[in-house]
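Same order as they appear, the protein sequences are chains A and Z.
Residue 1 is where the first sequence starts when you use the numbering used here, and the numbers rise one by one after that.
Residue 1 is where the second sequence starts when you use the numbering used here, and the numbers rise one by one after that.
Since the hints were made in silico from the structure, they are not lab data.
Careful, some of the hints might be misleading.
No copy labels: a pair is met if it fits in one copy or bridges any two.
Stated by the list, open to error - Think about it this way: if two alpha-carbon atoms lie no more than 30 Å apart in a straight line, the pair counts; the simulated BS3-like pairs of lysine-lysine are:
1. Lys251 / Lys115
2. Lys14 / Lys115
3. Lys209 / Lys219
4. Lys251 / Lys209
5. Lys14 / Lys209
6. Lys14 / Lys251
Residues per chain, in single letters:
There are 2 protein chains.
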Amino acid sequence: MFRGVSAFPLTPLKNGTFDEQAFTHLLSPVVEAGVDSLGILGSTGSYAYLTVEERARVTRCAVEHAGNIPVIVSIGAMRLDDILRLADDAQTAGVSGVLMAPVSYQRLTDEEVFKLYETVTRQLSVPLCIYDNPATTGFAFSNELLFAVASLPYVGSIKLGRVPEDLSQVRARLPDTVTLGIAGDWRAASALQAGFDVWYSVLAGLFPKAALAIARSGKSTESERLEPLWDLFRRYGSVRVIAAAAEMRGKVATPGLPFPLQAIQGEPREALSAILAELELA
Amino acid sequence: MFRGVSAFPLTPLKNGTFDEQAFTHLLSPVVEAGVDSLGILGSTGSYAYLTVEERARVTRCAVEHAGNIPVIVSIGAMRLDDILRLADDAQTAGVSGVLMAPVSYQRLTDEEVFKLYETVTRQLSVPLCIYDNPATTGFAFSNELLFAVASLPYVGSIKLGRVPEDLSQVRARLPDTVTLGIAGDWRAASALQAGFDVWYSVLAGLFPKAALAIARSGKSTESERLEPLWDLFRRYGSVRVIAAAAEMRGKVATPGLPFPLQAIQGEPREALSAILAELELA
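Here chain A stands alone, though its shape is the one from the complex:
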């Protein structure tokens, strides 16, 4: 399941609460396009800003509308009891996998992160993807810690925001059952060419065909064509850009992100509008 293109859609909000209708409309073309999995309630899906109850509701809705496509859901939270309840809710809803970043307020130590994954994986009955996201957690996995956590039962994948220089050595020390996935859409084409197994993709959550074209081409040209979009992603954060695209296309209410997060406005938003028209994304 942790292979190919995993699409990370937005979780649409309307007046601050989950907009189920907009969500099913967002999911439908993604499911039809035949992505390899749905990564709901990821960073792009604002999981960290939603209550445990809201997250359960979003998860049930996604599983219901995913057809045969496996659903992966983020279970990261500050409190262990919330994480365990999110895992329970997700498994009850019928997800195929879960994803977790070491979310914290205080920066965690390696030992604390290991204990967190050890405790959580003990409660799982579906595979887990480790999410290394220093920008949001303040914590960066060392390779050694990745190897240790990846060896825990139920770990099935790692989502990395970088391509390790010593990729073949990293791969050699990971269990065969653990796939490597890339985050940061602008890095996806080169990461896949370097041997990554899966692209955890923001683009695919709104423009699944464009993402599948990049992944299936096996060349860099398809991705290079999107460089103006990647530039906005890097500068303003993927979520603020993809939310603006979804707002402009009427796919989600405006504002679609949880306060105080804002989709890009003003000049970059106008640039995005021109870029989308030029690229003819679908």
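Got chain A; can you put chain Z on it based on the hints?
Showing chain Z alone in chain A's frame:
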């Protein structure tokens, strides 16, 4: 109220829930020592790991046991509705001030942070202390943003983890009604000598007399004496060190921090034990 020594005690937990008895025992010597304010549910008080309900309970308990000492409480949270409810609960409980860091999962932009403070201060009836804490929020205030946020109604103080090089210029551009406070106990003596108005102190939450002695001496020697302790604070994080000290003295249950956070263990814990014996802190 935002002056002198503000003591930031731990929020003791027992089996993961608030230990009210341990908390009142922690507060009692701090109140008796005559600190200038109590900063409850700060980073040291694990606010980010507690539910809104738990935080209301801790706040009521603190106000009840604070005597004439003003209580300041952190209201930071991921969700705006939680922040506003925490502010309401705090004001109903009778706090004298609130403190807020721009807590987020996604790194916020300057504009988002301004809007956050603008929205929250509009709902306040007590003064607010801005908390600039890049280590936990991933967001660092520029001076320009500090000036803008400090000019909002109800802002009464800024808690900074650094002493600006151009302190007198920074001060000149802040409203007269806004005091400057220092975080990071090892910087306190020099910050107070440089003209800071208040020390937001982890030490004072467990060893109030030692903190008051440092603040009142007006010299560096009192603080320099504690350098071995500051070294542990810098290396392991104040909260992990002060929690170990409180555990060792039987003031809180072991483990006293919310999982997966851990008080220091092993060698640094033994070092701390020796340091505390040597320093004869009270």
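Could you tell me which of the hints above the structure violates, numbers in ascending order? none
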